[in-house]
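**Student:** As they're listed, the protein sequences go chains Z, V, F and W. Here my numbering is used: the first residue of the first sequence is 1, the next is one more, and so on. Here my numbering is used: the first residue of the second sequence is 1001, the next is one more, and so on. Here my numbering is used: the first residue of the third sequence is 2001, the next is one more, and so on. Here my numbering is used: the first residue of the fourth sequence is 3001, the next is one more, and so on.
No wet-lab data here; the hints were simulated from the structure. Hints should not be assumed to be uniformly reliable.
Straight-line Cα separation of at most 25 Å, DSS-like style, residue types lysine-lysine; simulated pairs [what the hints assert, rightly or not]: (1) F:Lys2020 to V:Lys1089; (2) V:Lys1171 to V:Lys1138; (3) V:Lys1072 to V:Lys1147; (4) F:Lys2317 to F:Lys2379; (5) Z:Lys231 to Z:Lys157; (6) F:Lys2123 to V:Lys1072; (7) V:Lys1041 to V:Lys1147; (8) V:Lys1122 to V:Lys1089; (9) Z:Lys157 to V:Lys1171; (10) V:Lys1089 to V:Lys1140; (11) V:Lys1089 to V:Lys1125; (12) V:Lys1199 to V:Lys1171; (13) Z:Lys157 to V:Lys1125; (14) Z:Lys226 to F:Lys2020; (15) Z:Lys297 to V:Lys1041; (16) V:Lys1072 to V:Lys1041; (17) V:Lys1089 to V:Lys1041; (18) F:Lys2020 to Z:Lys231; (19) Z:Lys297 to F:Lys2317; (20) V:Lys1138 to V:Lys1072; (21) Z:Lys99 to V:Lys1147; (22) Z:Lys157 to V:Lys1072; (23) W:Lys3241 to W:Lys3282; (24) W:Lys3273 to W:Lys3241; (25) Z:Lys297 to Z:Lys226; (26) Z:Lys157 to V:Lys1041; (27) V:Lys1124 to Z:Lys297; (28) F:Lys2472 to F:Lys2123; (29) V:Lys1122 to Z:Lys226.
As a plain string of letters, each chain reads:
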Amino acid sequence: MLQPALPPPVRETGTLAWMRRNLFSNLWNALISVVALVVIAWGVLSLLNWMVFAANWDRVWANLRLMSIFRYPIELVWRPMASVMIVIFLFGMSAGLSKDGTGRIVRSAYNWMMGFVGFITLVALFAFPSVRFLWIAVVVLGVAGFWLARAVPVLAKALPWLWIASWFVSLFFLLGVGGNGNNPTGLEFVPPNLWGGIILTFFFSVTGIVLCFPLGIALALGRQSKLPAIKYFCIFYIEIIRGAPLITWLFTASLLLPLFLGGIRPEAIIRAQVAIVLFAAAYMAENVRGGLQALPKGQREAAHALGLTPWDSMRLIILPQALRSVIPAIVGLFIGLFKDTSLITIVGLFDLFAVALKVATQPESKLIAGGIVRELFIFMAIFYWFFCFRMSVASRQLEQELGLGTR
Amino acid sequence: MDSVVSALAPTGGQTIIDISGLNKWFGDFHVLRNINMSVNKGEVVVVIGPSGSGKSTLIRCVNRLEEHQQGKIVVDDIELTDDVRNIDKIRRETGMVFQQFNLFPHLTVLDNVTLAPIRVRKMKKSEAEQKAMYYLEKVKIPEQASKFPGQLSGGQQQRVAIARALTMEPKVMLFDEPTSALDPEVVGEVLEVMVNLAKEGMTMIVVTHEMGFAREVGDRVVFMDAGQIVEVGTPEHFFVNPQEERTKSFLSKIL
Amino acid sequence: MASRTARPSSEVVPWYRNVKLIAVFAQIIFVVIVLIVLAILVFNVSRGVKTLGVRTGFGFLADRAGFPLSESLIPYDQNASYARAMLVGVLNTLKVALLGVVLATLLGIMVALMRLSNNWILKQIATVYIETVRNIPLVIQIFFWFSVLLVPSLPSGVNALRFGPIYFNNSSGLIFPWPFASSNFRHWTIWLILALVLAIGVYWWRRRTLLRLERPGNPFWPAAAAFLLVAAVGYFIALAQSRFPENLLVSLDADRGRVNSVLDVNANGTVDNQDTPYATVPVIVTFESASFEVNPQRRTEQRKEINSAFAFPSLRKSEFEEARVEFVNPDLNDRLSVHYTGFPTTGIVYEDRNENERFDAGEDLDESTGEGFEGNDYKLVLFIEGFKRRVLTERDGETRVPRFDSYENASFERLGPSPLAWSFPNFPTDKTLVTGGATLSVSYLALLLALTFYTASFIAEIVRGAILSVPKGQTEASKALGLSNNQTFNLVVFPQAFRIIIPPLISQFLNLTKNSSLGIFCSYQEFFAVSSIVNNQSGASMPIFFILIGGYLIISLTFSFLLNLYNARTQLVER
Amino acid sequence: MRKLISLIAVLAIIVSGTALAQATIEQIESRDSVICGVNATGLPGFATVDESGNYAGFDVDFCRAVAAAVLGDASKVTYRGLSAGERFTALQTGEVDVLIRNTTWTSNRDTALGLNFAPTTFYDGQGFLVRGNSGIETLDDLDGTTICVQSGTTTELNLADVMNANGLEYEAIINEQSDPLLAAYDDGACDAYTTDKSGLVAQRTQLRDPSEHVIMDATISKEPLGPSVRHGDDQFFDIVKWVVFATFAAEEYGITSENVDDVMISTQDSNIKRLLGVEPEKVEEFGLSADAFYQVIKQVGNYAEIYNRNLGPDTPFDVPRGLNSSYVDGGLLYSPPVR
């Protein structure tokens, strides 16, 4: 006769039991709980009180455009928005095409993204009539991408190429080419010194991670090479770059790159981008090296034994596995890069942080007692936190999915 | 040593692997000492010996997974030198099966098997897949073709690895302790495949601890110790009437 | 290797197919390309030097810097060289990095333990802290600490927070008592060295004894005890040996509120510009009685406005015998009263309209005008009897005492010499400036706090991951052996986690050090910030680039070398 | 195909900028824009960006004046925000055509750094902000006071030099950042706050009650601020110089952007005729079109207009003209004759 399962004693379940176990398990714990609760309540209340009653959000609100696109011509705002549309559309497609484990992570990131975009659209609908249709288009395209991919699964093959192409198309839209007042067939050229704010923050970090990728892989392979000249060059490069802070490299690129190039003077944005890419490549190389080292030696040998050329075995066997295992680390690097973009203000570029500092110097902002530095800080902190936190969540999910980090 | 060398002479037929005066060092460690050996077409040579005796290193030298410092290795009339072309040719003509299988975990079984024929032999995809299925059937796992290696048992993985090597249609198969990493209950299925292969006349060099296999299939047994070939002989001769003291003590421990 | 002849080969392999030669050629080509690129860069730079007038060479380092630095660990003024300015920057970087590393590690371990604790609230606090701090750019956090938290929220100037002898405000920073080495420190140095040698000896001896006796125990404590004992005994011996120089001349200028200590080089008995400053002379200054006048005015405390507030130079209760505050205009003494917020030096003037002899809201405003009792009309005077204060002359041979508007019988007494001289901060007469003690500037604190909190969030995750990575079986095994919870953690879990923690911890330490270069965003004058100023002044961007990169590399490499040395040792000991 | 070529051309321009060998004026004409280096972080009243992304300020107006003279259109300016560290390098390497970024004219910068300074547009100098009721009026009244001063700048040195020279005692409260110092001053931590007068003016607006505070008359340093160009291109240097002089001269002659068209028709003064290009040859000697200075005044205005627009009584700053008045009003602004 099997003993039937009985419900646990009442004191083991329910809210009270939970509280006793987690908050008041002994006197010491109870004391900590009470003190902590009081401190938290006081902190949260005073922060909310400040944010709702004391803070002056008018200047932040009035400068939203400046902080989003800086001096990008307002009549051409559809162009950065077009880049957003492309990215959201592809995001939708990726989500529509994903099924398995890692796919679920893409799906949840997509849902989150659409929620965020939807929120912005709602705000735009009521407060920013000039861009409301553009934002509606973003939402529509995001959904359309999802269902299109569902309907035509063959697109999966094209997706990686579409993503790569999207970067070029975005650049094309942002920069524009061929058009001017007399020639309306092209897109009017918008020099990079007008770009800034959030679009620059995004463009800069995405470009950084995209461009540092090949260089980082090359350096990682070079560091693993049996040829001493190449190996030691790569070690030298990686260690020198990692030995000094990013800010010194930005400073170097800004001041000395024109000198190194013999009078050729790239735009400030390119100089900073070069510094970021060269810097990130060293860190990327170390991540990839981790993946390469984690790869069993037998994989390489098996590829050799089958007679694959070094190029083929690298391309087909080694890199796909090595890179897959370091995806979380690469996401981590991207988060770092995204945060580090705030340093380009040191070389006179206007990312979100720099624009916010500039907003604080406007005569109108100066007229507010105490300035609006706190409000700007809260705005920036929320912006960065929002994206970085979501990415780190995705990175952790990936880590679990790929079976890394579990021992 | 002269007696040993003479015993190594091919017993007839066409020589496909000829190793002479082979020496190899790992740093200062002399891992292969003056190895002379040749293998005839269709012959199955089983290499046994205690661990660290250089068995694996020897067969890894044959397809240049390890570089040898002195001596000569000729495979199918191609000498293994620093010449890239020769190395490539020899690798094409030899298939290798590893202790740890070394399947590519990110590719399906079918992709694992067709990869080299398509990339190296420049075979058409359909042709390669046809051939792959033929060999997968031969190792008795055609139904697993679309799975990933991680989803297979050890024995199945090792059979896929054998199929992968065979699909290149090599002239020689090298087995580097193919059953050592397997659970005892699945060792049999792998050995069965190897026995069949031997019966079909494949030239094989097998490094193994499976004495039963050596006795049943081996044409010759090579016993190595401390980087040298100690004794060579037919299985009957070797297991029943070993000549060297070292061989006797080894066999007494494992049999 | 030479004895091993090359493998004989039956045919000659063409060079382009020979794997060994291909490797050699690939390297040669690579090196040639690298050299060509380098040559182009060098050529461009040398051309740029000619056409653009860019400075090269390190000669500029000897030039006069000309700019002041507010924070320096070594003597520096604007007449010092650029090289010295850069050195000040490097030391400032180390100053923030070393303390930051220690604090971040402590905080990180604490947060990790909070996250692992079984108190739900603590766990949530730790999680929220980690997830917030590591997802916001560090530069914004530095900016936040400096421009949002510290500077506007701290009391300024005279409203400094006081905890005994410790002061804290937003213009000076954190000021606290600190011992300075006097010229007699050398008498003690020998004892310190002796103590150190002895301590190391005791450590080794104790370690070997413990090993021989096979007893558990920590050889550190006896060694520490030995050090303290010898150092303490040595201090008293050094104290007995300590002498002031014969020609030391100390003088009090009560009108200016100054105490000077100089070496009277020309032996003329008076202070003149030939005399050299002599630092760290402790002096007790006494005034038989004194008075001081101030105007009440509107002030801000904690962002709240207070009318009719007055503030005299701060005095400690132990420094005077008696004190009273009166209005200069005697008529006002009947009409108005004084409410002390800090007797006797700060308070509020009010009109006790409801006659409850207490200060009530609104009573600090004049009913007729609606304004405070402010300005010269309501001048207050502070009378004190028997003022006495201990001061220490600073690096420039000078220190400040309150400068009273009037006083009687000011005198001073020179205290005996000692190897270490304690300097206490004090408020001088000019209301606000704190002298004496040691100072941590607001910039330094902002950078230190931001770096500590940011890095600690990463360290916490490292520690937590390492502790979780110790297999549960280890805990179960040690519990089965009868070890207590604490013993399990201290003897079994933590030592194993520690090995995993060390390598990523090293990289976090290096990150913190490199991140200190963001000090430029809170105007902390570390290496990068000083280099930028030097670059701006001298235009020698090329050499400064090499100094900057080289400097950071040396700091990073030294740091990682020392830590890896330690790492290697702990790994060895563990096994 | 044409689009492809222009795409490549645009990318090439972005990557390489333009060659240094060309004369500045030719470069400006070929790219149809003047690249003007301005303050990157923003200096209230001198260079700020408003909500819709337009640059505005005193320095910015002189950028526009140069564009009006060279290209005939004041809007053809590309602004390049420069930090203090990179401003000189940017000018030396040709990244900007002209630097108009609150840069003090010093002998070292004129010689060693290879800069050529156009006439000073703003005579700045270090001054003091004190409370109106404090009774401090002259430098001597500062004896025995506490003064808030920014460190790491020449202001700190100037203060020390002047106070020592006059035998005055003072205590300095030092900080690198101006904001905390200003807060300290506002809270009564110091009796006076010192920095350049242009800065005092802007910062006074941040005090709780700006009207309680006054800027003392005393000026203890010379900080002449003006546009600068790099050595070696005299033609462009002349142009920038005379764009500034033209704004001085226009104020002196009473020409404003409003009345310039009328003046042009009615004037009998041959100086004015030459300035406005009615008699074209003098202007054309610069290599500019005859109406160059006319365009400056028409589109940007004379000095008084520029000043009042950015720093005058109708702005939050309200800086008294002081030295920055025309010489006829006792100031230092003086234009050589146009002949």
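**Student:** Against each hint, give a clear statement of whether it holds in the structure.
**Tutor:** Do the hints match the structure? See the list:
Simply put, Lys2020 (chain F) and Lys1089 (chain V) have alpha-carbon atoms about 17 Å apart, close enough for the 25 Å limit, and the pair holds. With a C-alpha separation of about 17 Å, the suggested pair Lys1171 (chain V) and Lys1138 (chain V) falls inside the 25 Å cut-off, and the hint holds. The hinted pair formed by Lys1072 (chain V) and Lys1147 (chain V) fails the criterion: a straight-line CA distance of about 42 Å is larger than 25 Å. Taking the CA atoms of Lys2317 (chain F) and Lys2379 (chain F), the gap is about 23 Å. The hint holds against a cut of 25 Å.
This hinted pair does not check out: Lys231 (chain Z) and Lys157 (chain Z) have alpha carbons roughly 36 Å apart, beyond 25 Å. For the hint linking Lys2123 (chain F) to Lys1072 (chain V), the alpha-carbon distance of about 67 Å lies beyond 25 Å, and the restraint is violated. Of the pairs offered as hints, the one joining Lys1041 (chain V) and Lys1147 (chain V) is violated, with about 35 Å between alpha carbons and a cut-off of 25 Å exceeded. Between the alpha carbons of Lys1122 (chain V) and Lys1089 (chain V) the distance comes to roughly 14 Å, so the proposed pair stays at or under 25 Å and holds.
Only pairs whose Cα atoms come within 25 Å are accepted, and Lys157 (chain Z) paired with Lys1171 (chain V) is rejected, the gap being roughly 38 Å. Distance check on the hinted pair: Lys1089 (chain V) and Lys1140 (chain V) sit about 29 Å apart at the alpha-carbon level, beyond 25 Å; violated. Taking the CA atoms of Lys1089 (chain V) and Lys1125 (chain V), the gap is near 21 Å; set against the 25 Å cutoff, the hint holds. The hinted pair formed by Lys1199 (chain V) and Lys1171 (chain V) meets the criterion: a straight-line CA distance of about 15 Å does not exceed 25 Å.
In summary, the hint linking Lys157 (chain Z) to Lys1125 (chain V) is supported, as the alpha carbons are separated by about 18 Å, within the 25 Å threshold. Straight-line distance between C-alpha atoms of Lys226 (chain Z) and Lys2020 (chain F) comes to about 11 Å, which keeps the hinted pair within the 25 Å bound. Of the pairs offered as hints, the one joining Lys297 (chain Z) and Lys1041 (chain V) is violated, with about 31 Å between alpha carbons and a cut-off of 25 Å exceeded. Simply put, Lys1072 (chain V) and Lys1041 (chain V) have alpha-carbon atoms about 19 Å apart, close enough for the 25 Å limit, and the pair holds.
Only pairs whose Cα atoms come within 25 Å are accepted, and Lys1089 (chain V) paired with Lys1041 (chain V) is accepted, the gap being roughly 17 Å. Pair hint Lys2020 (chain F) plus Lys231 (chain Z) holds up; C-alpha atoms about 16 Å apart against a cutoff of 25 Å. For a cut-off of 25 Å, the pair hint linking Lys297 (chain Z) to Lys2317 (chain F) is broken: about 76 Å separates their Cα positions. For a cut-off of 25 Å, the pair hint linking Lys1138 (chain V) to Lys1072 (chain V) is broken: about 35 Å separates their Cα positions.
Proposed proximity of Lys99 (chain Z) and Lys1147 (chain V) is supported: the alpha carbons are some 17 Å apart, at most 25 Å. Distance check on the hinted pair: Lys157 (chain Z) and Lys1072 (chain V) sit about 48 Å apart at the alpha-carbon level, beyond 25 Å; violated. For the suggested pair Lys3241 (chain W) and Lys3282 (chain W), the alpha carbons sit about 15 Å apart, so the restraint of at most 25 Å is met. Straight-line distance between C-alpha atoms of Lys3273 (chain W) and Lys3241 (chain W) comes to about 19 Å, which keeps the hinted pair within the 25 Å bound.
Proposed proximity of Lys297 (chain Z) and Lys226 (chain Z) is supported: the alpha carbons are some 14 Å apart, at most 25 Å. For the hint linking Lys157 (chain Z) to Lys1041 (chain V), the alpha-carbon distance of about 46 Å lies beyond 25 Å, and the restraint is violated. Restraint check: the Cα-Cα separation between Lys1124 (chain V) and Lys297 (chain Z) comes to about 29 Å, which exceeds 25 Å; the hinted pair is violated. A hinted pair counts as satisfied when its Cα atoms are at most 25 Å apart, and Lys2472 (chain F) with Lys2123 (chain F) qualifies at roughly 20 Å.
Between Lys1122 (chain V) and Lys226 (chain Z), the direct Cα distance comes to roughly 29 Å. Violation of the 25 Å bound is thereby established for this hinted pair.
Hint check: violations occur at hints 3, 5, 6, 7, 9, 10, 15, 19, 20, 22, 26, 27, 29; the rest are consistent with the structure.
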